[in-house]
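Taking the hints into account, I'd like the entire structure generated from these sequences.
Residues per chain, in single letters:
There are 2 protein chains.
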Amino acid sequence: MKYIQSLQNPQVKQWKKLLTKKERDRSGTFLVEGFHLVEEALKQKEQVLEIIVSEKIGIPPSLDAGETPIFMVTEEISNVLAETETTQGIYAVCRQPNVNVGLDDAKTFLLIDAVQDPGNLGTMIRTADAAGIDAVIVGKGSVDIYNSKVLRSAQGSHFHLPIRRGDLHEWTSILKEKNIPVYGTALEGARAYTDISNNDTFALIVGNEGSGVNKDLLDNTTENLYIPIYGKSESLNVAVATGILLYYLKKPI
Amino acid sequence: MKYIQSLQNPQVKQWKKLLTKKERDRSGTFLVEGFHLVEEALKQKEQVLEIIVSEKIGIPPSLDAGETPIFMVTEEISNVLAETETTQGIYAVCRQPNVNVGLDDAKTFLLIDAVQDPGNLGTMIRTADAAGIDAVIVGKGSVDIYNSKVLRSAQGSHFHLPIRRGDLHEWTSILKEKNIPVYGTALEGARAYTDISNNDTFALIVGNEGSGVNKDLLDNTTENLYIPIYGKSESLNVAVATGILLYYLKKPI
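The listed protein sequences derive, respectively, from chains E and G. Numbered according to this note's numbering, the first sequence spans residues 1 to 253. Numbered according to this note's numbering, the second sequence spans residues 1 to 253.
Accuracy of the hints is not assured; some may be wrong.
The list cannot tell twin chains apart, which means a pair is met if one copy fits it or any two copies do.
With a Cα cut of at most 30 Å, we get these calculated DSBU-like pairs of lysine-lysine [as the list claims (entries may be wrong)]:
{"id": "1", "residue 1": "Lys43", "residue 2": "Lys232"}
{"id": "2", "residue 1": "Lys250", "residue 2": "Lys56"}
{"id": "3", "residue 1": "Lys149", "residue 2": "Lys21"}
{"id": "4", "residue 1": "Lys21", "residue 2": "Lys232"}
{"id": "5", "residue 1": "Lys107", "residue 2": "Lys232"}
It is worth saying that the hints were derived from the structure and are not from the lab.
What follows is the structure, encoded as structure tokens:
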């Protein structure tokens, strides 16, 4: 175990850079914060490069880090890395997974178009995981999948299923060629979701909080669905809508 | 229209106090922020006591305030009232609705036990509205229903259906006496929600983000339900779970 006390330490500077998408992309790594996420990451040890622990909390006795290097740091350094107000003082630097693994066999997909709120994106990833969806494809205009708030809201689901960035136009074509029905979500020119029966294989496209799924995408889907509004609200939150649709479309195991 | 320039103005001090639950309860009023919520409030003019507009934005031409008094204030005063980082500079002081109206005829209920995140509570209220639920009862230990972030996440649904605080034990007894089935949500000792058929009348209890619905409550329900987890996530977000269950249990109109 190494002990780092200086904010000027090059390792600290590198960790700090991981708070930016640019450096996460360049290095192919990302930083998770908190016990739960560090534990989830350590379930596959090869994906964890380094563990960082604040000297204020010390190494938790239950931490099963295997051969992973552990760095003890001052509270000051820990606070520089923290993205929560009351940090638990434990972090892991993780390798971005090879997102092509498992994609060839995937039968159910969630395609996410330009969802900007990190809490929404993380909750949608968590929901796709819970519903047993095989893969999540995140299109342009969405918040970064390794943003700290996305990671936190997803509660570890980043380590459970392939999540990758991709061009949703291309994915729609690829999936349709494979005879996987692609359902868009729209308020107009769409069928009630309850008209569709559940299925072993499908892709669902959900979209931006304000403007919904891009029109060009909707023009190329197999079918577009809407969720009826029985009361007076104008719409549903996108993560809630995703949950209703995925749990309806997915064939119970 | 009155013009207020001083932060020391008693009216400004009173508005500022509405940022606290204590003063909202004492005065029976609450403050909403932003065009959308002010417009939703003005759909029933008698519930709006005052409108506050920052001189920086001026009165929007589309604003249909009727006889409601409008106060123009400095940007400084507006910023004191703002709970968002980029405020739209428009507010309304609203009367807390008489929450007993409509309750006698209500057939579908959402009961919320100790949900602490204001974004979750607001999204759940919005979801109940969308699903056409007749009333929302919020139990002890939950964040205040008139908290600014709850209001924002609910996107106006506070003005669409009765939302009231209440003792969920008492409500469970009352509803069961009326032959309304009360469904709890639990991870253990529960049936898959898909075993239940949809119904014209029901109450659903959902609970705290970490610990779920209180055990004493679960012991007194008609039946407890769970949502199967098909993947590797441990649970669903409570607002997403609420959406899945309400849209499943609710009989389409």
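* To do: Since the copies are identical, ignore which copy is meant and state whether Lys250 and Lys56 lie within 30 Å (CA to CA) inside a copy, between copies, both or neither.
  => So Lys250 and Lys56 fail the 30 Å test inside a copy (45 Å) and across (50 Å) alike.
Is the C-alpha distance from Lys43 to Lys232 at most 30 Å within one copy, between copies, in both cases, or in neither?
-> Answer is between; shortest inter-copy Cα gap is 12 Å, intra-copy 45 Å.
Task: Homomeric proximity label, Lys107 with Lys232: Cα distance no greater than 30 Å - done: Between copies only: 17 Å across chains, 36 Å inside a chain, cut-off 30 Å.
- [ ] Can you give me the call for Lys149 and Lys21, within, between, both or neither, at a CA distance of at most 30 Å?
- [x] both (13 Å within a copy, 28 Å between copies)
**Asked** How do Lys21 and Lys232 come out at 30 Å by Cα distance, when the copy is not named: within, between, both, or neither?
**Response** Between copies only: 26 Å across chains, 39 Å inside a chain, cut-off 30 Å.
Hint 2 from the list above is the single one not met by this structure.
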